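Novice: Quick mapping for you: the protein sequence lines, in order, are chains A and B.
Just so you know, the first sequence maps onto residues 1 to 821 in the working numbering.
Just so you know, the second sequence maps onto residues 1 to 509 in the working numbering.
Derived by calculation from the structure, the hints in this document are not laboratory data.
Hints are supplied without guarantee of correctness; some may be wrong.
As the list claims (entries may be wrong) - Examples of chain B residues lying across from chain A (beta carbon under 10 Å, computed):
1) Q183
2) L251
3) K378
4) L449
5) L451
Said to hold, decoys possible - Just some of the chain A residues that point at chain B, by a computed CB distance under 7 Å:
6) A300
7) G303
8) P501
9) W595
10) D598
11) Y643
12) M688
13) D695
14) S698
15) S712
16) L733
17) A762
18) T768
19) I787
20) S814
Only a predicted model underlies this, so the values are computations on that prediction, with no experimental measurement involved.
Even glycine gets a Cβ: it sits at the ideal position worked out from N, Cα and C.
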Amino acid sequence: MNFSRRLAVLALLISTALASPVLSVETETDAYTVDFSREILPILSDKCFVCHGPDVQDEDGLRLDTFVAATADRGGYRAIDPGRPKQSQILVRLHSTDEPMPPADAEKQLSPQERALLTRWVEQGGKYAQHWAFVPPIKSPPPGKPAATNGAAIDAFVLARLAERGIDFAAASERETLARRAALVLTGLPPEPEQLAAFLADDRQDAYPRYVEQLLGSERYGEHQARYWLDAVRYGDTHGLHLDNRRGIYPYRDWVVRALNRNLPLDDFITWQLAGDLLPNPTLEQLVATGFVRMNPSTAEGGAIPAEFQAKNNFDRTETLGTVLLGVSLTCARCHTHKYDPITQTEYYRLLAFFNSTAEKSMDGNAYVYGPVVKAPADQRGWQHWTQLEQARDQLLQTVQAEADAFSNLPAEAAEAWNHAASDKRLTMLAQADGPFAGWKQHQEAAELAGKIAALEATFTTTLVARDLPQPRATHVLRRGEYDLPVGTALEPGVLAAMGPFPEGAPNNRLGLARWLTSRDHPLVARVLMNRVWQRTFGYGLVRTPEDFGLQGKQPTHPQLLDWLAVELQDSGWDLKHMLRMMVTSRTFCQQSRWRSDVDDPENLLLARGPSHRLDAEVLRDVALWASGLLDPHMGGEGVKPYQPDGMWKAMAHPGSNTKQYVRDKGPLLYRRTLYVYWKRTSPHPMMTLFDAPDRESSCVRRSRTNTSLQSLGLLNETQRIEMSRALAARLLQSQQNDAERLGMVFGLLACRSPTPVERDACNSLLTSMKQRYADSEKDALALLAIGDAPRDESLDPAEHAAWTQLAVTLLASDLAIMLY
Amino acid sequence: MNRTHPIREHQLMMTRRQLFGRAALGLGTASLASLLGRDLAATDAPGSGPGGDGVPTGGALGRTHHRPKAKQVIYLFMSGGPSQHDLWDYKPKLQEKFGEQLPEHVRGGQRVTGMTANQKSGLPLAPSKYKFTRHDNHDRGVWVSELLPHTATVVKELCVVHSTFTEAINHDPAITYIQTGSQIPGRPSLGAWLSYGLGSMNENLPHYVVMHAHTSFAEQSLFNRLWGTGFMPSDHQGMLMRSQGDPVLYLSNPAGVTRDDRRAQLDALAAINQAQHARFADPEVLARIRQHEMAYRMQASVPELMDLSQETDDTFKLYGDAARTPGSFAACCLNARRLVERGVRNVQIFHHGNLPKEHESQCKDIDQGCAALIKDLKKRGMLDETLVIWGGEFGRTAYCQGGLTRENYGRDHHPRCFTTWMAGGGVKPGITYGQSDDYGYNIADADGLPLQPQPSKEAWTPGTMHIHDLNATILHLTGIDHRRLTYRYQGRDFRLTDVHGHVIDDLIA
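Whenever a hint applies, use it, and build me the whole structure from the sequences.
Specialist: Right, here's the structure in full:
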């Protein structure tokens, strides 16, 4: 067909129906080929598959989910007759008033546009194609920049769509704003003032990429990026159900931070978590990573039936895998073959079988740990120390290994034992006082090293890990998903056929599952991951339903870009930092976020402006901790308990629960990054819940961003917000000579720029009235300044300090501080 | 072009949101949901249901599906599973069977929890030790135990359902099930669905308020998920109204900060946010200015709400002295009345106890408050439009768990048959519905014979009320067709009642 005509049609369609995959064809003058995957399949899925989809029970029932079924001879007629399209029965029923389809009483009816589209499609022969997300992505060259593997590649795809509308990117953001945006997106904190100043003063061509590199290298990066993954895998510090007791698993959280900071390739990141225990000679980190498999909420409620919870735990793990890595909901297939997506009930249970043989009992015994565990370092410092000692050990063992002569003199038994021993055993042998190696020159060093390792191990904590039973449990299809209604023969573990074959030669266990997920041909995993990375960078995914890439999900706004990113991720060796670097250095990211009067696109589907949205709960607190100078940079360890209104846990908890009393921490623990705040799944910290953090009882790959009056109360009244504000006020008073400088500093911290005259006036006016007010009532000033544990600097004038505290509270609550822009 | 233009509509919404903020207007909800990329309710055209007599709402529905009978809902949730045997379901014939084993044909394959499955004493029957009295209602009369003397005085207002049932047999899954429609966490609660569908009637107070009543013997846990939003935007979650500290979290200004100070702060904040809006033109910024102002108003309206000093002595007589103690069940009931008076849509009081061990004190906790609430609403002419629901997540067994004497017995969890009641808000007053067999074990027909086949959620059996049917009926009374209030997540249009639920017309006036 005429290409320019097609373009014009496309442009029209985009302009009129951005928000909807259903496009109107009424304005068409000549036929164009309907795109089955993009335009028809969503309609069939949403309006027809409930009765005519993969789950048709009746043998004679009409299925419309495959070409073969839809075009089958049904005794003299065909639903779709490709030879004689106009004779297709579906056309008759679509336009029948006597026997309409969908039936008059169906819950979902077709719109006139949808009817017209279906008609056109059938008249064009009713051709089928696979749903886009089940076809492996292909890397189309970026328009006009075929070889680019940097931000320019992204821009080329985005610009191509903008050009269809005859518009361009917005102007580049001011450097100050960009500096703040990039730092918040990558590290969850604004830039340090010196870092900002250096960047602003850097007039080299590549100043910004250099700045981005600093951010990617910061340890704050891993802490921030980890949050998104922890939401997705529903990380919590408690079991979640019934008593909701403490659970030993925080080394997993710390591992995620480490893995991201070290830029562990994402395929390994996935493999270790799913199957680290099944790798040859797994390292401690690989074992700790399998905490992922153990993340399901659990119970030990008196009277619960183990078999029931064995099933429920597995449902949860299987369906979480679906949401987190496959981007589809598998829940439907628990009870029956999926209504929309090509997933059978049997496949669901075969997938579930990968998880059904883990060695822990189905009930947690209300214990801190249950089932397989390992001992692991209790915080990042411990991990660092451990890594150093391990390296020292490996080096030492290498020198030993090189002693060929000495080995030849060893008793055969000892040599044999050595050959079969893992590194830790070898070190023990080497260090043994009266052992066969006692006379060796490495013996003394080994003994010292072994002592250090033992001392460190004494500080280790226990964490849940995955391990399989020697004999797998039998897995059956469960009728209607009822644990006590198994049917048919036992199933082998298996994957979902619609998403590509199981890799040849891969073991039929969780490791094989990981190989399948990370295989080059998997149509979904890389796309799903890249979509979420895009979402956390730009605020919204390219697929706006990151939890659903299936037939009912949204179409990508930029399909080729998403596919390009997915393949580039694989080509780069699953290098997350590379992908993020590309995103944040793109023009798409760097353009101004101001809403454009010339572009009618409130949801920013065209990406014609930069990201803008309220920051997440954790970031709100972290920014204020950081600005106040209170932030304790210590990384890792057991969850911390900052201020929380009294009685919140007690009011809900079972008296037998060991999390019924919230005993808040004191000292530096109060000021740790919010990532480390204790996550009680049945009652997360109220400031988290208030700002849309999920409960982590189930997977969350997209938080809502609400805007409520209760949030205002939290921002302006919560104890720690006041404490942070008075610490920030003290910092301003201590480090600057006058109010103008102080204002400059606080704007620099929160907005990376100086105040405008309007802002300066608003601040000064508040300051003036508050200074007067607190000069009149020192009692009130002291009361305000006594909130929170942090000591007050008594050398500061209380009225001055209180007034600045009030301004700090206000600025920290303002959209200057709580939004990305 | 006459066709609707999604973006134009969207911008209209955005403009209105700028003007009005979003809490009060369904349009705001719609635009946010849309901004979040979530599909809105796959509901039909507003008010287009049978009859087409829906009324406007402030929620996602735009208009209700039909004319609501109840504008507001108060749900008295008895977490822990009250024993129907000792409260509502009078079984005189059991008295002769003390200590006998529950006959196998009565149990009929019902699974037994892990607590009694291997009990040495088997499943010995434990008749209630409490005295029951028959009270006239508008129907065949209703038997009430001596544990609920106050409630017994309002039975002419109650619709007592003896045939409620569920599948779950443990607290956590059962309470999650009845509150969210699923035994596995992750779905929106009943209150969240009401908030989402209907929105608010009072801009200065939340849509949905939750209270935890103090209890003499707290023995069960509650979970945020019971009033949470699951995959829905989190502003539909129940707002916890607390009896300790601030009634609304973070309501009070910090020490040393007066209302005038706050006003000055908010003025500065508005100026700074206006400047931010001038720079970035993001309508969200203006919406937030509105929310700050609403918070400021709440700081006045909530203390007014909580201030019981204007309540008369007669009122305290009605609710009992306990109502003077913040956090008591009676005080929560009184607050519930005050909340619905002020237009809060949905109030839920959770009372969680150790049933049946501390039965007497637990009943004393709740009895007078329940009765007082009904009388009070009635007196004020509010009962007609306020639906009150009383019930727990399951019932209790006829057989004993643990040691059994005439005076002392425990009862295990029982899903197959238990009692709940409703009042006001369009339910038939003074009736009973459904009955159990002589063992209070199975739902029975009018002759007292267990229904065959067993009632199931798959298809409604007359005379029974599955918890999905209960929820369907609650939604119906508030003007919502439970099949048509949906929220799309992961490609599926979820509803509170999953693929089940039947509106029980027999209960509706």
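Novice: Tell me the numbers of any earlier hints that the structure contravenes, in ascending order.
Specialist: Failing hints, ascending: 3, 4, 5, 6, 8, 10, 11, 12, 16, 18.
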